[in-house]
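Line order of the protein sequences matches chains A and B.
Numbers 1 to 123, taken from the working numbering, label the letters of the first sequence in order.
Numbers 1 to 334, taken from the working numbering, label the letters of the second sequence in order.
Calculated directly from the structure, the hints in this document are not laboratory data.
Possibly wrong hints are sitting among the right ones.
[What the hints assert, rightly or not] Straight line, CA to CA, 30 Å or less: simulated DSS-like cross-link-like pairs of lysine-lysine: (1) Lys314/B / Lys91/A; (2) Lys108/A / Lys285/B; (3) Lys40/A / Lys285/B; (4) Lys128/B / Lys108/A.
Now for the letters of each chain:
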Amino acid sequence: MAQILVVDDSATVRNEVSSFLAANDLSVEVAIDGKDGLDKLQRDSQIKLVISDVNMPNMDGLTMAEKVRSDLNNQGVNIIMLTTESDPRMKARGKAAGVKGWIVKPFKGDNVVGSIKKLVGAA
Amino acid sequence: MTKETQIVSKVLVHECNDDALSVLKDVCTKHNLIGLKVCTGNNTIGLRDASNEISEVMASNVDLGAVFLSEAKDLNGVSGLELCTKIHRARPELPIFMRREHTDSMDDLPPSIQEALAGCYQVEEADKLNELVDNYICSMYYPAELASGVIDLSKEAFESIIPGVEVRNDLPYLVKDQIIYGELFSLIPLESDWCRGYMMLQTTENEVLDLIRSGASHIEKTQPDSRDSNGILNEATNLIWGSIRSRYFTNEVSSEGLRTQVPIMVNHQRKHISFGSTEPQLCFKFTLHDPQMRFPDITLYQRLIFNLSWSPEKFAESEKAVDEFVDNGELEFF
């Protein structure tokens, strides 16, 4: 059972983000792409927040976000994109899919940990 | 253009005539060329075969812009006419310029030598030499703002992946060489309305594995494997690519423009990669140094290859990126 699902095809980013969150007393699960993320989200109903990359093989993060709302019919989980993308069209697509927020990489944990804790109800 | 953003090019010089060296020095200064002079037999090293030294210089410099040779024999009796075919066989992409004594034509030279040469000049023809350099080395204009911006973005990416690292960089330079440094490299397309091509990052696997073993990266493994070193380079590539897109690619490239592609050729035996274009590539050399000495220095070569389309006159920084409302790493709520 985890509070946060980190979805990124880069092991470096998965390690970096999950280690930081774990060090801040948050339980974390990781997924290697959007497909894996959907799978893990379906199996773990305790996940309150998904932090996902956009550009990933097999299934990108925005498609995953859209499928979370449509295929899984999960309207409750918060989704934040952590990506190198900052194109307004991408953000608009995320917004339409119910994405809650957007972080442009690199990940600076100290800047966002407060907001993340609030989103999972741990603040 | 400030000294920081000056774009240079490294050239190999085998020349024993003082007047010719003086002319070459002026040309190098004018075009920001850095001359790597090889032994001509009259220095303190003593009588040494120039072809051996050229081989050594070329082996340790996989990022040259051109070669300047002389028809006249050096003190060892070695002439550029002998050297040029050897160099051309080893690195056919490098333009070779030959100084000749009595003519600037190559018509009287054997076909094998003509094929190896990009052009000939005489010592009193500085204009012709400048023209050759313009045509072969400085044929592609790269905005200095792009070069300095890419350095800044790349440094930020490396610092994010390796907290506490000190990133040093050489001046950006133009490269004709198509030799691959190390055995680990990444390629990612760069697509905008003003350029189309690739970004390539090159390094050695052992350097990255040493970094991971030291615990200085975000990967916590004492016995990392190639997937881990791939992961580090992958993330560096992704971060730099994303930053370049945000900062410089303001407009989408039309679908019409995306249709053109050319095969990328890789020869593993020769460690050679060709993008189908002979235009000079914009190259950056970074050294990642750990002040705490947890891992040895890492050398990284970054190349921008705009082989499919290049319109630097349309180059502009994204106003949005320059005047960002939300900084990198901050959470922007919708």
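Verification of the hints:
Between Lys314/B and Lys91/A the alpha-carbon distance is near 25 Å, which keeps this suggested pair within the 30 Å criterion. As the CA atoms of Lys108/A and Lys285/B are separated by approximately 26 Å, the hinted pair is consistent with the 30 Å bound. Of the supplied pair hints, the one linking Lys40/A and Lys285/B is violated, its CA atoms being roughly 41 Å apart against a limit of 30 Å. The hinted pair formed by Lys128/B and Lys108/A fails the criterion: a straight-line CA distance of about 54 Å is larger than 30 Å.
Hints 3 and 4 from the list above are not met by this structure, while the remaining hints are.
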